[in-house]
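Asker: Now for the letters of each chain:
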Amino acid sequence: MADVILQNITKRFKTVTALKGVSFDIKDGEFFVLLGPTGAGKTTTLRVISGLERQDEGSVLFDGESVDHLTPADRDVAFVFEQYSLYPTMTVYENLAFPLRSPLRRMSEQVIRQRVEETAEKLRISPLLERTTAHLSGGEMQRVSLGRALVRDPQIFLMDEPLSNLDAKLREALRVELQHLQKTEGSTTLFVTHDQIEALTMGDRIGVLNKGRIVQIGTPEDIYDRPATTFVAQLVGTPRINLHEAVREDSTLHVTNSTIHLPIPAGDDLPPSFLLGVRPEDVQIHSEGGFLGQIALIEPLGVQTILHVKTGEQTLLSLVPGMTDLRVGEEVRFNVVRERLHYFQPDGTRISVERKT
Amino acid sequence: MASVDKVGRRAPIVHSVRVDKVSRGAQILRFIRAAVVVVITSIMLIPVFWIVLTVFKSHPDAIAVPPKVVFKPRLVDSFVFLFTDRFLLPPPKLAQYPDECKESWTECVRNKCSKPRSGKELAWYECVALEGGQLVTGPGKYGEYVINSLIIAGCSTAAAVVLGLLSGYAYSRFDMPVKDFQLFFILSQRFLPAVVITIPIFLMYKDLHLQDTHLGMIILYTVVNLSLSVWLLRSFIDEIPREYEEAAMVDGYTRLQAIRKIVLPNALTGIAATTVFCLIFAWNEYAFALMLTSDVARTAPAFIPTMIGRGVVEWTSIAAGSLVFLIPVVIVTFALRKYLLRGVTFGAIRQ
Chain A
1 MADVILQNIT KRFKTVTALK GVSFDIKDGE FFVLLGPTGA GKTTTLRVIS GLERQDEGSV
61 LFDGESVDHL TPADRDVAFV FEQYSLYPTM TVYENLAFPL RSPLRRMSEQ VIRQRVEETA
121 EKLRISPLLE RTTAHLSGGE MQRVSLGRAL VRDPQIFLMD EPLSNLDAKL REALRVELQH
181 LQKTEGSTTL FVTHDQIEAL TMGDRIGVLN KGRIVQIGTP EDIYDRPATT FVAQLVGTPR
241 INLHEAVRED STLHVTNSTI HLPIPAGDDL PPSFLLGVRP EDVQIHSEGG FLGQIALIEP
301 LGVQTILHVK TGEQTLLSLV PGMTDLRVGE EVRFNVVRER LHYFQPDGTR ISVERKT
Chain B
1 MASVDKVGRR APIVHSVRVD KVSRGAQILR FIRAAVVVVI TSIMLIPVFW IVLTVFKSHP
61 DAIAVPPKVV FKPRLVDSFV FLFTDRFLLP PPKLAQYPDE CKESWTECVR NKCSKPRSGK
121 ELAWYECVAL EGGQLVTGPG KYGEYVINSL IIAGCSTAAA VVLGLLSGYA YSRFDMPVKD
181 FQLFFILSQR FLPAVVITIP IFLMYKDLHL QDTHLGMIIL YTVVNLSLSV WLLRSFIDEI
241 PREYEEAAMV DGYTRLQAIR KIVLPNALTG IAATTVFCLI FAWNEYAFAL MLTSDVARTA
301 PAFIPTMIGR GVVEWTSIAA GSLVFLIPVV IVTFALRKYL LRGVTFGAIR Q
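Sequences listed follow chains A and B, in order.
Reminder that position 43 of the first sequence reads as 43 in our numbering, one-by-one numbering, no gaps.
Reminder that position 314 of the second sequence reads as 314 in our numbering, one-by-one numbering, no gaps.
Derived from the structure by calculation, the hints contain no laboratory data.
Computed from a predicted model, the values in this text were never measured in an experiment.
Think of the CB as a built atom: it goes at the ideal place given N, C-alpha and C, for glycine as much as any other residue.
Hints are supplied without guarantee of correctness; some may be wrong.
To be verified - In silico contact screen, one side only, chain B against chain A (beta carbon under 7 Å); selected entries:
| id | residue |
| --- | --- |
| 1 | Cys113 |
| 2 | Pro116 |
| 3 | Glu239 |
| 4 | Glu243 |
| 5 | Val250 |
| 6 | Asp251 |
| 7 | Gly252 |
| 8 | Tyr253 |
| 9 | Leu264 |
| 10 | Pro265 |
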């Protein structure tokens with residue numbers, strides 16, 4: 001396992017620049033999640049680290065040493081592909097043994113057998129070892145694909161959306177398993193996903209990537225509570241953050257075209273016009289709430305319910321626990337948690353304010 | 001089928017066992033389809049059937065009008081005629097052989113007949129010839145030419161497939177300048193029919209001393225087949241996802257090792273199909289062989305028609321030659337039929 005550092009990686013393809021000066025570091029034993037929408041350059045980042053693509057600028061360091069000149073084989077990384085990429089002509093056992101049989105490693109068949117069986121035990125795929133890969137279900141394929149990475153002791157595990165092709169139940173189960181495995185093995189992992197829930201639940205740190213640039217790097221708390229831009233704020237959190245244009249009127253802020261007028265919390269220094277972000281859980285329905293709204297839509301999720309509250313011409317999402325007996329069209333009063341407001345410049349960058357916690 | 005193992009953890013989900021139920025209607029449809037296939041195949045095989053019949057006919061039966069379907073079979077005659085050179089004995093010489101030697105070749109072998117002048121005992125094939133009033137002068141050229149065909153078709157097919165595999169891989173996986181034009185150029189090698197280019201090639205080969213050599217024919221057939229094999233193998237390799245090799249390269253293999261361990265086993269279907277196509281072309285090719293070979297490197301297809309016109313037209317031995325000639329391609333195609341069935345190995349990647 002190694003520290004991995006990316007320095008100013010730029011990668012251009014024929015017509016597009018996939019990565020623009022991407023820099024971040026992954027510490028030994030860390031679970032680093034790269035989060036971003038489709039086309040943000042996540043997979044390209046992994047391919048650059050593994051050596052499958054050569055970057056045009058910048059360099060990749062393993063334990064402080066540049067690996068730019070090394071082939072994928074010599075970099076000794078393990079890659080879990082989105083499409084699993086199990087070798088179709090081989091059995092599960094052969095698939096798992098394949099990396100160990102590499103001429104670079106020179107292991108005896110006996111050691112290989114032992115390693116493969118240990119890994120299979122860990123992933124609970126021992127009964128499948130003699131199967132061919134064509135006779136596996138999606139979840140089994142993904143386990144085998146993970147096993148092919150885990151059977152080795154690489155510098156870093158690179159995982160390219162390994163859970164995205166699984167159904168929801170299986171994804172949740174494997175998510176927990178994967179996290180457990182990573183923590184018990186203490187392996188350095190770079191996990192790529194577009195799913196913010198995976199990122200928040202699994203990552204020690206998250207790097208948010210958008211259009212080839214790193215937008216923010218931080219712990220899940222940083223990312224959720226202090227999003228650096230409106231992009232991050234909207235990417236993370238379901239339901240999506242309420243983001244509305246607002247103006248400052250003396251010591252109050254007013255959400256344009258709505259009934260919301262809030263006193264600006266002491267010490268918050270704001271420009272005349274800006275974007276106001278309110279997480280849905282911070283819009284609280286309360287019989288003595290300060291604002292009046294009308295229920296426009298109700299989405300019951302079981303544990304929680306999403307209420308669409310119309311106030312003026314704006315609609316706010318509100319997340320309330322449990323089921324609700326409110327009806328569409330009903331008038332409600334609500335409050336906004338003032339301590340957890342997010343302010344952004346009109347161009348999207350965060351306006352940081354001092355907060356007493 | 002999820003179960004709980006000793007430790008109490010849930011065992012991985014085992015894939016379900018599907019029971020195929022075929023409805024009666026579908027069964028009948030399948031039967032009709034099979035019947036139609038059998039009928040069509042039978043019609044296609046009539047020429048082959050007729051060749052086989054002719055092989056076992058006597059010479060008069062073979063040229064009888066109307067054609068005979070029922071006849072007294074001659075099992076070895078046509079093959080003896082095919083593989084030997086003979087001349088027709090003039091009546092006075094023929095008269096020197098005793099009658100029991102001329103009546104039937106089995107009698108001739110049993111009576112241990114011998115040549116009247118040298119007293120040398122006649123071999124069984126000489127008896128067969130004698131029954132037709134002919135004397136064997138030596139082995140025929142046909143065997144040699146079939147071996148020529150085997151060498152030339154075999155080597156050129158191997159070369160075309162190996163080269164096609166390497167360049168097909170390159171065209172499938174790498175970016176290169178004017179790739180489309182290169183591929184078009186390769187394909188264009190097959191635009192002109194053989195008869196158009198045989199004369200320039202003949203002149204070229206004469207200067208290069210490649211005329212009537214095995215090497216010359218191997219090179220020629222390889223080049224002609226290459227356009228087909230590059231295109232075919234490229235499209236087969238296109239269908240093998242790159243991720244397989246990339247996974248192998250990350251797993252600690254060089255690109256060449258990855259090709260050998262991952263691409264080759266997955267491309268077997270394509271390799272088999274290409275092999276069969278190339279072999280069929282090189283094996284059956286006639287125009288080039290006729291023009292560019294005369295004796296040393298003459299192939300069987302160019303030879304068979306020349307058998308017409310030695311005194312009588314020996315239809316039975318021509319049929320025997322055609323039959324012998326059919327066999328190798330049939331064997332190869334049958335041997336590779338397992339790989340020709342597509343889609344067996346695909347499916348371990350989720351699309």
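Asker: Return the status of the interface hint for B:Pro265: holds when the least beta-carbon distance to chain A is below 7 Å, violated otherwise.
Answerer: Status holds, d = 4 Å.
Asker: Under the criterion of a CB-CB separation shorter than 7 Å, is B:Glu243 in contact with chain A as hinted?
Answerer: Holds - the Cβ of B:Glu243 comes within 7 Å of chain A, reaching about 4 Å at its closest.
Asker: Restraint: B:Pro116 near chain A, CB-CB cut 7 Å. Satisfied or not?
Answerer: violated, 68 Å
Asker: May I ask you to test the interface hint for B:Asp251 with respect to chain A, counting a Cβ-Cβ separation under 7 Å as satisfied?
Answerer: holds, 4 Å
Asker: Under 7 Å, Cβ to Cβ, is where B:Tyr253 needs to be relative to chain A, so tell me if that hint holds or is violated.
Answerer: holds, 6 Å
Asker: Go through the hint on B:Gly252 and say holds or violated, using the shortest Cβ distance to chain A against 7 Å.
Answerer: holds, 3 Å
Asker: Holds or violated: B:Leu264 as interface residue toward chain A, Cβ cutoff 7 Å?
Answerer: Not OK, violated: B:Leu264 not within 7 Å of chain A, min 9 Å.
Asker: Quick check on B:Glu239 please, does its C-beta sit within 7 Å of some C-beta on chain A?
Answerer: Interface hint status for B:Glu239: violated (12 Å vs cutoff 7 Å).
Asker: When the nearest CB of chain A is found for B:Val250, is that gap smaller than 7 Å?
Answerer: holds, 4 Å
Asker: Can the hint on B:Cys113 be confirmed by a CB-to-CB distance to chain A that is less than 7 Å?
Answerer: For B:Cys113, the interface hint is violated, since the closest Cβ of chain A sits about 62 Å away, which is over 7 Å.
Of the numbered hints listed earlier, those contradicted by the structure are 1, 2, 3 and 9.
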